[in-house]
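Student: Guided by the hints, dock chain X onto chain P, whose structure is given.
Protein chains in written order, with my numbering: chain P, 10 to 112; chain X, 10 to 112.
Treat each hint with caution, since some may be false.
Treat identical chains as interchangeable: a pair holds within one or across any two.
[What the hints assert, rightly or not] In the SDA-like style, the derived pairs of lysine to any residue whose C-alpha atoms are separated by at most 20 Å in a straight line are:
1) K50 - A74
2) K94 - I11
3) K48 - Y99
4) K92 - I11
5) K70 - D109
6) K92 - E111
7) K48 - H84
8) K94 - Y110
9) K94 - E73
10) K89 - D109
11) K13 - A87
12) K105 - P15
13) K79 - Y96
14) K13 - A97
15) K105 - S12
16) K105 - T14
17) K92 - N40
18) K79 - E111
19) K94 - E77
Keep in mind the hints are simulated off the structure, nothing from the lab.
2 protein chains.
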Amino acid sequence: MISKTPVPPYYAVIFTSLRTDGDHGYDKTANRMVELVQKQKGFLGLETARSEIGITVSYWKTLEAIQEWKNNLEHLTAQKSGKEKWYAAYKIRICKVERDYEF
Amino acid sequence: MISKTPVPPYYAVIFTSLRTDGDHGYDKTANRMVELVQKQKGFLGLETARSEIGITVSYWKTLEAIQEWKNNLEHLTAQKSGKEKWYAAYKIRICKVERDYEF
Chain P
10 MISKTPVPPY YAVIFTSLRT DGDHGYDKTA NRMVELVQKQ KGFLGLETAR
60 SEIGITVSYW KTLEAIQEWK NNLEHLTAQK SGKEKWYAAY KIRICKVERD
110 YEF
Chain X
10 MISKTPVPPY YAVIFTSLRT DGDHGYDKTA NRMVELVQKQ KGFLGLETAR
60 SEIGITVSYW KTLEAIQEWK NNLEHLTAQK SGKEKWYAAY KIRICKVERD
110 YEF
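Same shape as in the complex, but just chain P (with noise of 0.2 Å):
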């Protein structure tokens, strides 16, 4: 869905990645990846969406916030595989969001 987030200044991670064929492990891990993040410190929100390319974007209330996700034991791992099996590239981009609005 689309993220309840509060009046900027905060933070975006987007998150764009061209998988590999077949899904060794994917699903499962980015399923526990999803219900781990929304415990973190200051995470604020995760909408993903996937065609051709997959687009997944997580918001923030601080930059400490995403190096501390980026960071965790279980999310480092699950970032090894991603390397190794599920993704043939991907790119990160950090952001701060200034301003949005809404419909």
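Tutor: Chain X only, in chain P's frame:
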């Protein structure tokens, strides 16, 4: 595809949307907007995916370039149709990309 963007800083517009049922001319206009946006001054790239929600991220050199695209006449007409016919809800976030890395 994953956009080849320059070294940060640059800007991102995250457009997250929930569609109404049916097409109502959406596909034709969406394709035209993809064609049109690439001619805009300061446009750097576009990434899009749709599952339960749609996420489209466009990348820009400056905030001025984002404003010019928002005010493009053909795009204004599309925005109006978007509210009237295509979207049950959407959220737009204007962001400054501060760092990026890839695999």
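Student: With reference to the structure, classify each hint as holding or not holding.
Tutor: Results of checking the hints against the structure:
1. K50 - A74: Answer is within; shortest intra-copy Cα gap is 6 Å, inter-copy 35 Å.
2. K94 - I11: between (29 Å within a copy, 18 Å between copies)
3. K48 - Y99: For K48 and Y99, neither the intra-copy (24 Å) nor the inter-copy (26 Å) Cα distance is at most 20 Å.
4. K92 - I11: between (28 Å within a copy, 16 Å between copies)
5. K70 - D109: both (15 Å within a copy, 18 Å between copies)
6. K92 - E111: Answer is between; shortest inter-copy Cα gap is 11 Å, intra-copy 35 Å.
7. K48 - H84: Within one copy only: 12 Å inside a chain, 40 Å across chains, cut-off 20 Å.
8. K94 - Y110: between (38 Å within a copy, 19 Å between copies)
9. K94 - E73: neither (28 Å within a copy, 41 Å between copies)
10. K89 - D109: between (33 Å within a copy, 18 Å between copies)
11. K13 - A87: neither (27 Å within a copy, 25 Å between copies)
12. K105 - P15: both (13 Å within a copy, 17 Å between copies)
13. K79 - Y96: Within. Shortest intra-copy distance 17 Å satisfies the 20 Å Cα cut-off; inter-copy 34 Å does not.
14. K13 - A97: Between copies only: 15 Å across chains, 31 Å inside a chain, cut-off 20 Å.
15. K105 - S12: Result: close both inside a copy and across copies, 16 Å intra and 19 Å inter.
16. K105 - T14: Intra 13 Å, inter 17 Å, cutoff 20 Å: intra and inter.
17. K92 - N40: within (18 Å within a copy, 33 Å between copies)
18. K79 - E111: between (29 Å within a copy, 14 Å between copies)
19. K94 - E77: neither (24 Å within a copy, 41 Å between copies)
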